[in-house]
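Engineer: Given next are the chains, with one letter for each unit.
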Amino acid sequence: MATDTADPSTSEPPPTAPVTPGRRLQNLLHANPIVGPLAVLALAILAFSLVNPRFLAAANLGLVLQQVTVIATLALGQTLVILTAGIDLAVGAIAVFASMLMAGAAHTLGVPGPVALILGILAGTAMGAFNGWLVTVVRLPPFIVTLGTLSVFFSLNAVVSHGETIRGAEMPPIMTATGDTAFRIGAFGVTWGSLIMLALFVVFSYSLSSTAWGRHVYATGDDLEAARLAGIRTGRVLLSVYLVAGVIYGIGAWVLMGRLAAASPNIGAEYNLNSITAVVIGGTSLFGGRGLVVGTLVGALIVGVFQNGLQLAGVDVVWQGTAIGLLVLVAVAVDQRIRKVKR
Amino acid sequence: MSEPILQLRGVSKSFGAVQVLHDVDLTVRAGEVTALVGDNGAGKSTLVKCVAGIHPIDGGEIVFDGTPATLGSPADASKLGIEVVYQDLALADNLDIVQNMFLGRERGKPWLLDEADMEQAARRTLASLSVRTVTSVRTPVASLSGGQRQTVAIAKAVLWDSRVVLLDEPTAALGVAQTRQVLDLVRRLAEQGIGVVLISHNMADVFEVADRIATLYLGRMVAEVPTRDVTHGQVVELITAGRSGDLGLARPEKVVQ
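Those protein sequence lines, which keep their order, are chains P and U.
Quick note: the first sequence uses the numbering used here, first residue 1, plus one each step.
Quick note: the second sequence uses the numbering used here, first residue 1001, plus one each step.
Isolated chain U, as found in the complex (with noise of 0.2 Å):
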C-alpha cells in the first residue's frame, strides 16, 4: 500500500444550522482510485468543495503528504496539486480546449500570452492519456460530445503536475461508450501515480475502477474499505442505512438526527 498523500482527519462543516460533515476522516493514497460514494445529500459534494478550498472548514484538518493544510481558496488547493473535475464541468464554452485548460493560469507574461506553449502543452497532456477522440485542441469546447468535454476537464486537472485529483460524478451524464472512456482515463491517473478520487452514484462504475470504496451516510464516514472485500449489497446497505454486518454504524440510534 502506497503513501497517504491527502488526510482527513475529523473534518466537520455546517452551514448555518445544518451540520452537513461530521467528523469525517478520509485518506487519499497516491496511485490508487478510493471512490466516494453516499446518497444525495449525504455531503460528497461539500466534502470535495472542502478539499477544494471553497468551503473553509469548521473543524478537524487536512493533511497534506504529512503536514497540515490550509485550503482557504482554490488557489491554495491548486498549489498543493489538488485539481476538482467538477460535476457541471465547469468549462467555459466559447473558449476552445486550450483556453480552457489554462484558464486562469495562462502561461507567457500576463501582458503576452504564450499560446503556441499552451498549446503544445494541452497536446501532450491529451497524448499520455492516450485521449485520440479530440481531433484539434482549438475546437470550441461548446461544440464537443458529453464525453470529450469530461476528457478535456480531466486533462485539465492533471496539466498541473496534480498529486491528487477530484472527479465528481464523472460518468453522471455519459452514454455507454464515452462512461467506458472516462473510467479508462480514471484508471490511467491512477497508473501515473495520483491519488484519484472517485464520487459516484454508479455501483458499476465504483467497482470497476475503485481499490477503496469510502461511504458517507448522513454526514458521517460510515465505512473506508478496499472494493474486493465488499459486495455490491454491502455497499448499497452502507448508502441508504449507514451500516451492513459489522461495518458501517455501530447503533442504528447514532444516525437519527
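If we strip away everything but chain P, and leave its shape as in the complex, we get (with noise of 0.2 Å):
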C-alpha cells in the first residue's frame, strides 16, 4: 500500500518549501508573529538612543515602563477579546469605573482598602462579563456590545463619583502602593504596577499557550465554525475571555490609581483606543486566531519607546500620534500580507 504514493505524479513540493525570499519571510511571520514586534522594538531603542543618549538612561528606561504599565496591562485583556476576533472599546470604561467604585468604597463609604481593591476587581468582572453576556447570549456583534457599554459605563462612572476626584491621600495606602517602587537596578525602578502587569503576562502567555482554555481561544477565533464542529463550546470559551478580560481590567484599575496616585474619572477615554494599538503593533491579527500577548507587551513597549524617545529627540509632542498612527497601519498592512499564505 506505500507503493501507490511513491508515484511522483502524486507528491507535491512541501509546505514549507521556501520558492522566494519574501515567501520565506512571509512563512516566518505566520510561524512566530512575535518576530516582526520585536525587530521594530530593537531598531526604534537603537534608532533613538543614537539620536540622545540620554534614551539608555537606567533613569528614563524605568520611566517608559512605568509609562506603558497601565495600557500594557489593559491591552493584555484586550489581546484575549481580539483573539476570539471580537473587539473590546469598552476596556478604558470598565478600568475607570472600577477604580472609581474602589476608591469610593474604602474613601466615602470606609471599606477597608483589600476588600475595596477586591469588591472593584468584582465590579470589572461583571462588566465584563455583561460584555461576554450581550455577545454570546444576545448575540450581537462585539463592537456595537463594547461601543454600547462604553457609553454606558463612562456614563454611570460620572453618576457614581460626581466627577470627583479622590486622591490617594484620601484613601488607605494600599489603594495606590501599586505606583510604589518595588525594587530599583541603580536608577531603573520598577513598581509595585508593573511587576503586576508582568505577572499577569507570564501567566496569561502560559494558559494560552499550554492549556486546553488557550488552544480552545485561539480555535474560537480563528475559526468558530471549525471549533463548535470539533466539540468545543464555543460560547463558553467566548464568554470566559470577556470575563477573564474584566477581571484584568478591574486589576488594571488598581494599576491605574496608583499610577495617578488618585481615583480619576476624567481620565481613560484613550485607553480604549489605546489599548487596541499596543495589540495591533504587537502582531496580533484583528481577524483572530494569531497573535500573542508577549507581542502586546512588546506592542505596548513600542509606543512607550517611540512617545519617550521622540520627546527626547525633540519632536514635537504633536507628532507623536502621527508616528503611533502609522506604526498601526504599518501593522495591519503586513498581518493582511501574512494571512495571504493561503495557496
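Careful, some of the hints might be misleading.
Chain U side only, calculated, beta carbon under 10 Å to chain P, not exhaustive [said to hold, decoys possible]:
hint: 1; residue: Asp1093
hint: 2; residue: Arg1138
hint: 3; residue: Thr1139
FYI, nobody ran anything at the bench for these hints, they're computed from the structure.
The C-beta atom is built at its ideal place from N, Cα and C for all residues, glycine as well.
Hints in hand, dock the two standalone chains.
Structural biologist: Structure follows, in C-alpha cells:
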C-alpha cells in the first residue's frame, strides 16, 4: 500500500518549501508573529539611543516602563478579546469605573482597603461578563456591544463619582500601592504595578500556549465553526474570555490608581483605542486566532519608546500621534500580507 | 460480508415544515466503503449531520454495534467512534496540524497539555496512512494545499480509533493528483477495518473506491446495492429519477410532492 504514494505524480512540493525570499519571510512571520514587533522595538531603541544617548539612561528606561504599565495591563485583556476575533471598546471605561468604585468604597463608604480592591475587581469582572453575555447569549457583534457599554459605563461612572477625583491621601495606602517602587537596580526603578502587569503577562502567556482553554480561545477566534464542530463549547469559551478580560481590567484599575496616585473619573477615554493600538502593533491579528500576548507587551513598549524617544529627540509632541498611527497602519498591512500565505 | 457497525432504521428528519429525510435505512459495515450519492438537496449532508450528532433525528433509530444509540451531540458520536470529515474541512487555519488533529480533545492535563505526546501520535497516524506529503506536523494548516488539508482532516478522523468515518465530498475541490491521493487514503481506511461512508458527486470516484452504493432521492433511500451489480448509467438514473429498471422507487407518483 506504500507503493502508490511513491508515484512522483502524486507528490507535492513540501508546504514549507520557500519559493522566494519574500515567501520565506512571510512563512517566518506567520509561524512567529513576535518576530516583527521585536525587530521594530529593537530598531526603535537603537535609533532613539543614537539620536539622544540619554534615552538609554536607566532612569529613563524605568520611566518608559512606568508609562506603559497601565496601557499594557489593559491591552492584555484586549488581546484576549481580539484573539477571539472580537474587539473591546469599553476597556478604559471599565477600568476607570472600577477604579472609581474601589476608591469610592474605601473613601466614601469606609470599606477596608483590601476589601475595596476586591469589590472593584469584582465590579470589573461583572462588567466584562456583561459584555460577554451580550456577545454570546444575546448574540450581538462585539463592536456594537462594547460601543454601547462604553457609553453606559462612562456615564454610570460620572453618576457614581459626581465627576470628583479622590486623591491618594484620602484613601488607605494600599489603594495606590501599585505606584510604589518595588525594587530598583541603580536608577532603574520598577513599581509594584509593573510587577503585577508582568506577572499577568506570564500567567496568560502560559495559559494561552499550554492549556486546553488557551488552545480553544485560539481555535474559537480562528474559525468559530471549525471549533464548534471539533466539540468545543464556543459560547463558554467566548464568555470566559470577556469575563477574564474584566478581571484584568479590574486589576488594571488598581494599577491605574497607583500610577495617578489618585482615582480620577475624567481620564481613560484614550485607553480604549490605545489598548487596541498596542495589540495591533504587537502583531495580533484583528481577524482573530493569531497572535501572542507577549507581542502586546512588545507593542505597548514600542508605543512607549516612540513617545519617550520622540520627546527626547526634541520632536514636537503633536507628531507622536502621526508616528503611532503610521505604525498601526504598517502593522495591519503586514498582517494582511501574512494572512495570504494560503495558496 | 462483515458485520454491520452502524445501522440507520427508518430515520426521519424535518426542518420546520420541510421534511428532509423520509424513513431512511442505511447500513455501514466494517472494512467497506459505502458511497452515499444523491442530487443536491437529496439530504446527504443532513443525513451525515444526523449521524454526527449535530441534528437530532425526529423518527427511526440509529443502531451502533447492535445497540440503539442516542446521538444528541458531536461528543456522543465521537464517543462511539463516529468521525466526520466535513466538506469545508473544518480546520482552523492558524493552528498547526497537531493542534487541529487534537482540537477539542487535547491530551495531557487541562492546565498543561502534553504537546510531545500529541505530536508523536499525529506523526504515527499520518505514517499509518502512508502520508508523506506533509513535511512538518507543526506547519499551520493555512499553508497547506487542498489535498494536504484533506489528508489532515481525514487523519484527524482516524486518530481516535474510529469505527466509522464519514467523508463529505472529500475530493470536490481537488485536482487530479490530489484526488488520487485522497481516494487511496479512503481505501486504506477501509483496509484498516473502518466503516467508511463516502459522499460524492463524482461517479468515477464512487465506482473506483466504493463497495456499496446508497442512493438518496428527495430524502428517500431508493437503493442500497453492491457496486459491482450496477452501472454508471443506472446510478445516474437513480440519482436523477429515483428509479432505474427494477431498482429504486416502485412508482413515480410516490415521489411527487
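Engineer: Among the hints numbered above, which are violated by the structure, and what are their numbers in rising order?
Structural biologist: Checked against the structure, no hint fails, so every one of them is satisfied.
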